[in-house]
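**Q** Going line by line, the protein sequences match chains G and L.
Using UniProt numbering, read the first sequence as starting at 1 and increasing by one per residue.
Using UniProt numbering, read the second sequence as starting at 1 and increasing by one per residue.
Take every hint as true, because none was put in to throw you off.
The list treats identical chains as interchangeable, and a pair is accepted whether it falls inside one copy or across any two copies.
DSS-like mimics (lysine-lysine), calculated; alpha carbons at most 27 Å apart, straight line:
1) Lys294 x Lys240
2) Lys206 x Lys294
3) Lys343 x Lys206
4) Lys176 x Lys206
No lab work stands behind these hints: they were computed from the structure.
Number of protein chains: 2
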Amino acid sequence: MPDHSQKQDVTIYDIAEALGVSPSTVSRSLKEHPSISKETIRKVRKQAKKMGYRSNIFAQNLRRQKTNIIGVIVPRLNSHFMSSAISGMEKVANKNHYKIIISQSHEQAVNEASNVEMMLEQRVDGLIVSLAYNTMDLHHFDAITEQHTPLIFFDRVADLPNSTNVVIDNYQAAYKMTNHLIDEGCSRIVHITGNTSRNVYSGRLKGYKEALLEHQLSYDSDLVFINDLREEDGEQVARKILEMDQLPDAVFASNDVCAVSCMALLQEHGIEIPRDIAIAGFNNDPISRFVKPKITTVDYDGERVGEVVAQNLINHLEGDDHISITNTIVLNSDLIIRDSSRKQDAG
Amino acid sequence: MPDHSQKQDVTIYDIAEALGVSPSTVSRSLKEHPSISKETIRKVRKQAKKMGYRSNIFAQNLRRQKTNIIGVIVPRLNSHFMSSAISGMEKVANKNHYKIIISQSHEQAVNEASNVEMMLEQRVDGLIVSLAYNTMDLHHFDAITEQHTPLIFFDRVADLPNSTNVVIDNYQAAYKMTNHLIDEGCSRIVHITGNTSRNVYSGRLKGYKEALLEHQLSYDSDLVFINDLREEDGEQVARKILEMDQLPDAVFASNDVCAVSCMALLQEHGIEIPRDIAIAGFNNDPISRFVKPKITTVDYDGERVGEVVAQNLINHLEGDDHISITNTIVLNSDLIIRDSSRKQDAG
Numbered sequence: 001m002p003d004h005s006q007k008q009d010v011t012i013y014d015i016a017e018a019l020g021v022s023p024s025t026v027s028r029s030l031k032e033h034p035s036i037s038k039e040t041i042r043k044v045r046k047q048a049k050k051m052g053y054r055s056n057i058f059a060q061n062l063r064r065q066k067t068n069i070i071g072v073i074v075p076r077l078n079s080h081f082m083s084s085a086i087s088g089m090e091k092v093a094n095k096n097h098y099k100i101i102i103s104q105s106h107e108q109a110v111n112e113a114s115n116v117e118m119m120l121e122q123r124v125d126g127l128i129v130s131l132a133y134n135t136m137d138l139h140h141f142d143a144i145t146e147q148h149t150p151l152i153f154f155d156r157v158a159d160l161p162n163s164t165n166v167v168i169d170n171y172q173a174a175y176k177m178t179n180h181l182i183d184e185g186c187s188r189i190v191h192i193t194g195n196t197s198r199n200v201y202s203g204r205l206k207g208y209k210e211a212l213l214e215h216q217l218s219y220d221s222d223l224v225f226i227n228d229l230r231e232e233d234g235e236q237v238a239r240k241i242l243e244m245d246q247l248p249d250a251v252f253a254s255n256d257v258c259a260v261s262c263m264a265l266l267q268e269h270g271i272e273i274p275r276d277i278a279i280a281g282f283n284n285d286p287i288s289r290f291v292k293p294k295i296t297t298v299d300y301d302g303e304r305v306g307e308v309v310a311q312n313l314i315n316h317l318e319g320d321d322h323i324s325i326t327n328t329i330v331l332n333s334d335l336i337i338r339d340s341s342r343k344q345d346a347g
Numbered sequence: 001m002p003d004h005s006q007k008q009d010v011t012i013y014d015i016a017e018a019l020g021v022s023p024s025t026v027s028r029s030l031k032e033h034p035s036i037s038k039e040t041i042r043k044v045r046k047q048a049k050k051m052g053y054r055s056n057i058f059a060q061n062l063r064r065q066k067t068n069i070i071g072v073i074v075p076r077l078n079s080h081f082m083s084s085a086i087s088g089m090e091k092v093a094n095k096n097h098y099k100i101i102i103s104q105s106h107e108q109a110v111n112e113a114s115n116v117e118m119m120l121e122q123r124v125d126g127l128i129v130s131l132a133y134n135t136m137d138l139h140h141f142d143a144i145t146e147q148h149t150p151l152i153f154f155d156r157v158a159d160l161p162n163s164t165n166v167v168i169d170n171y172q173a174a175y176k177m178t179n180h181l182i183d184e185g186c187s188r189i190v191h192i193t194g195n196t197s198r199n200v201y202s203g204r205l206k207g208y209k210e211a212l213l214e215h216q217l218s219y220d221s222d223l224v225f226i227n228d229l230r231e232e233d234g235e236q237v238a239r240k241i242l243e244m245d246q247l248p249d250a251v252f253a254s255n256d257v258c259a260v261s262c263m264a265l266l267q268e269h270g271i272e273i274p275r276d277i278a279i280a281g282f283n284n285d286p287i288s289r290f291v292k293p294k295i296t297t298v299d300y301d302g303e304r305v306g307e308v309v310a311q312n313l314i315n316h317l318e319g320d321d322h323i324s325i326t327n328t329i330v331l332n333s334d335l336i337i338r339d340s341s342r343k344q345d346a347g
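Here chain G stands alone, though its shape is the one from the complex (with noise of 0.2 Å):
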């Protein structure tokens, strides 16, 4: 059978006939076999391209049941550290010939059930994913790990038999933020974090209650608030603040969208940062900088976290990597210590 599946393809049939060679010649010459000559190869290659010849990827692929797709799964695509993870993954993927296939959950886990679904059927050789706000029950993924597909959660991950984590301590993160605010005098903290579902949160809700009580300080409740870590979630806590009855002296948020848009609002009611409030992010986003006083936060890097996730996910499928699936990658993460955040120096 010709290696074709559209009529209008050109194939090496019409290569053979136009070259004056047998078929065989040219399927060896376009796989450079070594029994065929360089000059051959290269006439070969110049009629191929010359009549707009394509080996059928799709026929290949069903005969050797690999697909070079990798697919992503995120909660969203236009967060700062996501677009950056998946830049990430896509230089390592295109540089090793592999595509990517995104979708998003839009943090509900009944749309991350259904994109899993729908990379299965699109035979993707390995999946990626972050978990969903809401996602509790994983059984969407065993139709991944039966047929043994691999599979690397990064960031929001989870306890899955079969799957590889790659992860930043969150806990010692949180742990080192919570140390350096107290360093600093604070010892009326808020917290602002996401799910505590999800590995992420939970990790640097213990860090921040960790350090609080290594220093007798004593863990309060009502400073702490869960709530989806969006621009509006960080105002809306700046507005609860405001109506406290003592002002807490710190602000540790989740992320540094919620930081800064908790800190404008205080600002705006006259609050100084950080004499009055000191103020902490997580991400290293680029408006962290870009705020005044720059934000106090944790360097995550999504370019970098993307391309590890990626590469580990490849070197696997090649066979490279003898190392089990099963395992967890820790990627470090520092604190940088802005303005926000320097209140001896505030006085």
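For this one, chain G is given, so just place chain L on it according to the hints.
**A** Relative to the frame of chain G, chain L by itself:
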């Protein structure tokens, strides 16, 4: 021939055997053929689900020559505008059962060409492109148009027959912005923009010039800076401004990142915004709202652009759209006037 290609896959024959019905009954049940009773459809579906049956999308695609994959090539993914545009595309594609394959040119024509090649090999149903910074020759799109694969450009578009462009009126937006600055009393207006081979930047430069001309203000090429519009480019322009014998009274940058970084450096050197120099940007990135003063900008809604682009392409692919693929769609864009350019109020 059974509709499967992987030996371990469950086929309609297996389902038929398990239920004691004919394979054609299974096949028709799965397609909800009207000749099959609802009860039988229910039974077959239940059994198919139980056995983990998956219709072979690959084989189906091979037959009908449709992949339901849309290729997207953009300069880079991690700008607010671009990630929002891709988010909009994904939303519309997902709803219509299309998948999005993404790739980045990293602003290089040579990468763009190889990405086009990759998309062709993937047999995308349609291609969406925003051009790289330095793309001049458009021949790498020839194979796309020759095989009648629909091609849509957005933002940075091309003058190619048989393709659709989705844009805003860049000329008009820059003309209005420059007029606004002149109305605020400015007459020495710096313009920062990108490579004028790209429509977006040439259009904005023309609008800027036209507004000056209409107000009998002379065009001074020393006040126009052409660069890559990155954060560091905005700072670079600020340094050059600080060295000028006569300071300008306004800066109009072709994106918000550049406007913000230019403003920040000017402020560090004691320049009052907008009193000494008014600032205007482009895109309405979130960053434009969080700096002080908030930045006057052009509302260019990436999410909406992405939705329009994807919907237009899908309508065409589904044959819903009887308009020729050759046309231009111009989306509205409005000025958003904020404090950074309100010179009159600043006194």
